[in-house]
Amino acid sequence: MDCAEIRDQIGALQDGELDPARADRVRRHLSECPECARRGAALDALRDRLKEPSMIHAPSPELVPRIRTAVAWEAREREERRRPVVPVAWLALAAAAGIVIGALAVLQRERGVRSEALAAELAGDQVRALLPGRLVDVQSSDRHNVKPWFAGKLEFSPPVPDLSAEGFPLVGGRVEVLSGRKAAALVYSRRLHVINVYVCPADGAPGDASPLANGFHIRHWKDGGMAFWVVSELAPNELDSFVAMFRARSR
Amino acid sequence: MPLALRLVDDRIGLEPIGMKDGDSSAQSRFDAAILPHVRSGYNLARWLTRNDADAEDVVQEAALRAWRFFRSYRGENARAWFLTIVRRTGMTWLSHRGREKDSEEFDEAVHTDRDDAPDPERLAIEQAGVERIRAALEALPAPLREVVVLREQEGLSYKQIATIAGIPIGTVMSRLARARSRLLRALSAEKEK
Chain A
1 MDCAEIRDQI GALQDGELDP ARADRVRRHL SECPECARRG AALDALRDRL
51 KEPSMIHAPS PELVPRIRTA VAWEAREREE RRRPVVPVAW LALAAAAGIV
101 IGALAVLQRE RGVRSEALAA ELAGDQVRAL LPGRLVDVQS SDRHNVKPWF
151 AGKLEFSPPV PDLSAEGFPL VGGRVEVLSG RKAAALVYSR RLHVINVYVC
201 PADGAPGDAS PLANGFHIRH WKDGGMAFWV VSELAPNELD SFVAMFRARS
251 R
Chain B
1001 MPLALRLVDD RIGLEPIGMK DGDSSAQSRF DAAILPHVRS GYNLARWLTR
1051 NDADAEDVVQ EAALRAWRFF RSYRGENARA WFLTIVRRTG MTWLSHRGRE
1101 KDSEEFDEAV HTDRDDAPDP ERLAIEQAGV ERIRAALEAL PAPLREVVVL
1151 REQEGLSYKQ IATIAGIPIG TVMSRLARAR SRLLRALSAE KEK
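If you read the sequences in order, they're chains A and B. So for the first sequence, our numbering puts the first residue at 1; every next one is plus one. So for the second sequence, our numbering puts the first residue at 1001; every next one is plus one.
Note that these hints are calculated values from the structure, not bench results. Glycine included, C-beta positions come from ideal geometry on N, C-alpha and C. There could be a bad hint or two in this list.
What the hints assert, rightly or not - Going by beta-carbon spacing under 8 Å, a handful of chain A positions derived as facing chain B:
hint, residue
1, Asp15
2, Arg38
3, Arg47
4, His57
5, Val71
6, Ala75
7, Leu178
For reference, chain B alone in the conformation it holds in the complex (with noise of 0.2 Å):
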């Protein structure tokens, strides 16, 4: 993108075009609120996505969602309030997608975890490459990526995420329970891949 451009966009960033002052007070509460989560919102948006174009689009239409509904928005934990609509539009969007390409099926009653020689996991997890970590959350299926994803990078509580994703605080633990113990599989036994 040349100079001129970005600068463009910067200025825009900087002093929305044409806006009115009736909203402008709604607008820098919703900028101060809500904007400084959209790196938060984009992260979980990307893990569920899986790709960079439609993680943006997801962030974009879930801060418009929140943009309209922000009256509704009663100075709770805002990153929480901003991660429930981005769920929620992320999700959206995979439904939309159909069945997820190269993911597992999910289904909560089945328990097949089977301890499988756990005395060299610590060691191949230590060592394994980035892409392979990654690889192996995105295969997860979305309800299980998810609560990995705003646990251990979004730092969030097991309540906050049931609160987010609209389950349970046992079923954030099972499914935590259960999606830890396929990464540590996946990451473990296809070492040899």
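Pulled out of the complex, with its shape left as it was, chain A reads as follows (with noise of 0.2 Å):
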């Protein structure tokens, strides 16, 4: 063997992955030859440079929490699929309920269909802005930061009204797309949870939504021409208090 073949299996044999004959064979040459024996060395050397902590790359603390909420995300998206329809005997039940509200749906109908629909995007949009780095975009408690910043992204300024003393300090904002229109997401926070609340005028914005939706809490109102929703997971009473302080400031 010259030292060009024997140089390729240097490493390999430092790694312990050649089959004993090989390694043998390896072992006689770099006791003989002091130059494949000294790159035998730097080889050993640089083996213990790449295995340095410092370079070897850490992720950021946010990544498994990350990961799990979004798988936690896609296993109650699978849930739900999974769902069965509608059992049965709830069929017969539902048919003769809907002769008696029937004449009430047809009124409510429009509204009906697309709360539902409303209040699954008001809770996808929660949840993915719960992952980390995705609540806000401009980050402030403080409500003279919050309210300029969205001048120059939305045709309307919202309401930003400042409840830090009722409990409920502002983190910040961001820009949110509600039923494919732009409304302003103001987050607020109430000891770990999360209040997201979406403002657009009211003019031609979508209704009202189900108060309930994968869990999270869902209040509708209009004020002055503008159109709000408050989404969180927070008990339904400590909302209601929210939205009664949030009316009151923001008039």
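Relying on the hints, combine the two individually framed chains into one complex.
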């Protein structure tokens, strides 16, 4: 064996990946050839350097939670697809009830259809917003920073009340698309919970949404030409008091 | 990131929102098997993509794929199983990126390593700054870079690397030899730069 052939096997020998016969041959050569022995020493030094802790990249602490959230989100979607359509007994009951409320339903239909889709959309936004880095584009607890931030991005100016004294500090804001329309998303927090407030002009805005979707509570109202939706996993009574304060402070 | 948001993340980390019973056992098995290897996956992805944000995206995408295919996981070496997915995702990412900037072209057949004065090599390597070693590794073509990372940093056997990269064991050996040879050359020859 010549040196060139040996050189390609020194690393494998050091890795313990050569069969015994070849390992023997390479070892014997190394003991006789100072040049290849130096090569072996250099390879050892290289290995040590490549293994140094500073050569190994560590993820940010947010990566694992982010993955868990993404997996939980997928798991939930999968579960929803799997859920049986409607049991037969319920169909019979629904048919009977349907006769009674049919007339009302006709009046409400358009709104009703939209409200469930909208609720699902709001809940989806909420889950995505909870992924790290997605919650706010402008991060500030000062309404005087958040309100002007929207100025260049939206054709309207959402009210941004300061509710920190009431225990709902402002976290920041971002722009969302809600049923195809641009909306301001204001983010408040309550202890560990996040509250998203979506605001857009009431004119032509989507209407009310179902009050509950995917475990999130949703509230809707209109004030001063603006439509509002609040989404949070906060308990309903706390969410209602948040809404009351928000409305009072934004007038 | 303010404390409130970090706590929100932690809370989600502990208890994924809206988790359904049907999937919770699959999810906890997934968490136990795969999440401990996110670090290894990230290291590989980071060396492949050569930047933090893309590496995190690759690992998250790989984790979602792992979750989708978790049913096909048969309890084999979870790290190797996950690294296989990370690697494939990372390589796909690289191919969408088009030709890699700054790294050499890779051609399996070419074999031009000449022996150039190995005497001061060891010293040069021991004294090289971390940044230079990092740059030398990043400059390798991705197929050489990955075998180095899997072998030296993840401590995997040639057989495991062969499985992860989908190549024969002999190819693992020859790629490693070439990769090391190029690293030695880069670290000793460019000393003056």
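Q: Mind checking the CB of A/Leu178 against every CB in chain B and telling me if the closest is under 8 Å?
A: Interface hint status for A/Leu178: violated (21 Å vs cutoff 8 Å).
Q | Hint check, A/Asp15 versus chain B [nearest Cβ-Cβ separation less than 8 Å] | A | holds, 7 Å
Q.
Given A/Arg38 as an interface hint, is its Cβ closer than 8 Å to any Cβ of chain B?
A. holds, 5 Å
Q: Let me know if the C-beta of A/Val71 comes in closer than 8 Å to any C-beta of chain B, holds or violated.
A: holds, 5 Å
Q | Closest C-beta approach of A/Ala75 to chain B relative to 8 Å, hint status | A | A/Ala75 check passes; min Cβ-Cβ to chain B is 4 Å, inside 8 Å.
Q. Minimum Cβ distance from A/His57 to chain B below 8 Å?
A. Interface hint status for A/His57: holds (4 Å vs cutoff 8 Å).
Q) Taking the closest Cβ pair, is A/Arg47 under 8 Å from chain B? A) holds, 6 Å
The structure is inconsistent with hint 7 alone, although it conforms to all the rest.
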